[in-house]
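Residue numbers (this note's numbering), protein chains in the order written: chain A, -8 to 283; chain B, -8 to 283; chain C, -8 to 283.
No lab work stands behind these hints, which were simulated from the structure alone.
Any given hint might turn out to be false.
What the hints assert, rightly or not - Derived lysine-lysine pairs resembling BS3-like cross-links, with alpha carbons at most 27 Å apart: (1) C:51 - A:-7; (2) C:51 - B:51; (3) B:51 - C:228; (4) A:173 - A:228; (5) B:51 - C:-7; (6) B:-7 - A:51; (7) C:51 - A:280; (8) A:51 - B:231; (9) A:51 - C:-7.
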Amino acid sequence: MKNLLSIEHISNEQIATILNRASELEAGAPSQLDQSYNVANLFFEPSTRTKTSFEMAERKIGVTVIPFETGFSSTLKGESLYDTVKTLESIGLDAVVIRHKMDAYYEELLEGINLSVINAGDGAGQHPSQSLLDLYTIQKEFGRFKGLNITIAGDVSHSRVAKSDAYALRSLGANVNFVCPKEWQGEFEAHQSWDDLIETSDVIMLLRVQHERHEGNANFSKENYHAQYGLTSEREKQMKDGAIIMHPAPVNRGVEIDSTLVECERSRIFDQVSNGVFIRMAILETILKGRM
Amino acid sequence: MKNLLSIEHISNEQIATILNRASELEAGAPSQLDQSYNVANLFFEPSTRTKTSFEMAERKIGVTVIPFETGFSSTLKGESLYDTVKTLESIGLDAVVIRHKMDAYYEELLEGINLSVINAGDGAGQHPSQSLLDLYTIQKEFGRFKGLNITIAGDVSHSRVAKSDAYALRSLGANVNFVCPKEWQGEFEAHQSWDDLIETSDVIMLLRVQHERHEGNANFSKENYHAQYGLTSEREKQMKDGAIIMHPAPVNRGVEIDSTLVECERSRIFDQVSNGVFIRMAILETILKGRM
Amino acid sequence: MKNLLSIEHISNEQIATILNRASELEAGAPSQLDQSYNVANLFFEPSTRTKTSFEMAERKIGVTVIPFETGFSSTLKGESLYDTVKTLESIGLDAVVIRHKMDAYYEELLEGINLSVINAGDGAGQHPSQSLLDLYTIQKEFGRFKGLNITIAGDVSHSRVAKSDAYALRSLGANVNFVCPKEWQGEFEAHQSWDDLIETSDVIMLLRVQHERHEGNANFSKENYHAQYGLTSEREKQMKDGAIIMHPAPVNRGVEIDSTLVECERSRIFDQVSNGVFIRMAILETILKGRM
């Protein structure tokens, strides 16, 4: 595996291998990298958890991180992403982790670039390391995907996570449903109310509502959204035994989810963050080993 | 000691222990940390010396620093400080150093957060690592605090340093006086002129005048301030034998202090910076050892 | 050698020593530094390749890099460069790499500062590490400088590279010509057309056109510039056997150079980037060894 660009590019077997390796690393297995590698994190959009998670994973796996400030680089002078990445390759980098607002930005890097590219989010496209950590969180909980009922609620059409996760979960045999206002369902067929999905779901995965996109629209006031589509404390009480709550974060407390539920017993929200470090260690190791 | 939030939270014995350990580290004692720790520096306000000093101290004490750009994080998306710090804890950080413009920002971190918090300045509140380095500088010079005459001059009401230092110095037995315009004395009783304080002080500690707060007010023109409240070269000549000059910096040359005095024989301004690295090594070591 | 400020400050012998050491390092020679050193990179102007190149070189040579965000430092509060650098020296830094928009900013650092300063570009002044990597690229290609015909084309008057390179190349015995619009020749005597320089040049070195300086001037539209002064694919075909193309980058594709030539056989544009890392390793090693 040279690059990790989209969850749709990797097979169920490759997914299983990465989840298994993350589990070994979480149990304390040492890094399998036995030479030095240099990587950089190019985040052209704000990020706390994904960037910091990669920074931590890189250090735990023993690679050297070369700092790169996107807000202060030659891209300000109009340099293309190809030329920036080719420059980093010439400087000696083995891999770059990129988040960029342009959908499928990586297509201009497929030819002529020899270093490895790990996609940390492209526009409204994919976010494969997030999907893998979501899968890892579900696998740790249930030990399987087949037959699980998973409901994804929120702004599906603008969510990288919804797309990547739904694709992977379905191909692994889970039943995936969506709950959201009709305007937000995008390419998917969504339920416009929770109905009995609350009681039948093994996993309720909430998405961040991006207020800035919907300001001035009364139907989407925070209170209205929370009452109709959010995970209220009443709805949580109807969830079945052993069912869990997930959210890619950052959370809008009181909008997608009642603030008191963020760290409740069912919540795996901060566990997802912890799991993300091991998943990213496994991704980096797998890709860099392929370069030896 | 789990956190370092305010100089008022630590006893005179704890202060003595930290100053003593800084002294050992300055003399070349090796780090007592025998496992790996991960820390991050979250500076939500500009800083050169405090941030760089922590960055250096962290490397000298042998901890791993995970970079975190506050200007490019999810706090831009409105995430609470609690959720940001809980995320960093979930990623595996053992401690965070935080500077934030909100007074006592750390109160929302006292419950539910397990990592250690080191306060590097909260609003107009406290700046305990600066106080400790000031104490260390004075102790190296005089070997004691009891009976020393210490005069703090400048914008006392807006100064974290004035508050932290005055509290600690008084509790250690020093006599602390203030010199400043009446408008700036805040909660303290200040002298409105130097009078005989110039000749009786063992330590003259100058504070930065924040011009941006006082623009357009003729009483506080740079020249007027320097003449009435600044350390002019004439005043320096009246200081007693062995008396020293301190300043937390950055210095406004020609305002708080005549430019030629910044590196004069009495000045400990750049020594304070050097001392700060050893104090922060001692703080980090003390707090992280407590986590073992 | 305590500092590296301008190519004009170092002798041809010192240049030869640095190029030779870069060559050894490129061949895999280990770092000659046998104690730990701390450096910081102070880039007050945007940069991708120079900053990242220094970051990589520093890690490959085994020095500790203390991060310093210029956009978030006390220089925002008006602190002088002298006071900032003196602070970094007091914190324990051995060397700083500085890029700054002010010509000869380093003059205020010549007295009173003990750490080493490496100039990574001062205003419209010098950029000595770029010159050294250009010289290294030429030497690797031709094994000599004497008698080589080198043509520099572009906005000569605003280019640090043009000035540094022309000075060094001439002092090493090369023939240097310039091609550019008369308005851009600055202190040099330039040709206003390529004439037979295309066919006689061993090296054609293109400079970045800074559109932002020339907007609204039809003579300097991108198309006009490319046709009159750019390296078109037609002109490339007239270049002599073994002649090479250089560019300090970032490149304006289709302006200074036809986009298809950026990675053509003659182009050494990305090789320059690779060479820069070894040159900077040699510079850092030479300067830090001098501090032992």
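Hints, one by one, checked against the model:
1. C:51 - A:-7: 24 Å, holds
2. C:51 - B:51: Holds, because 19 Å separates the two Cα atoms, which is no more than 27 Å.
3. B:51 - C:228: Violated, at roughly 57 Å.
4. A:173 - A:228: Roughly 26 Å separates the two Cα atoms, so the pair holds.
5. B:51 - C:-7: Given that 27 Å is the threshold and the Cα spacing comes to 24 Å, the pair holds.
6. B:-7 - A:51: Distance of about 24 Å is within 27 Å: holds.
7. C:51 - A:280: 21 Å, holds
8. A:51 - B:231: Violated, at about 55 Å.
9. A:51 - C:-7: 37 Å, violated
The structure shown violates the earlier hints numbered 3, 8 and 9.
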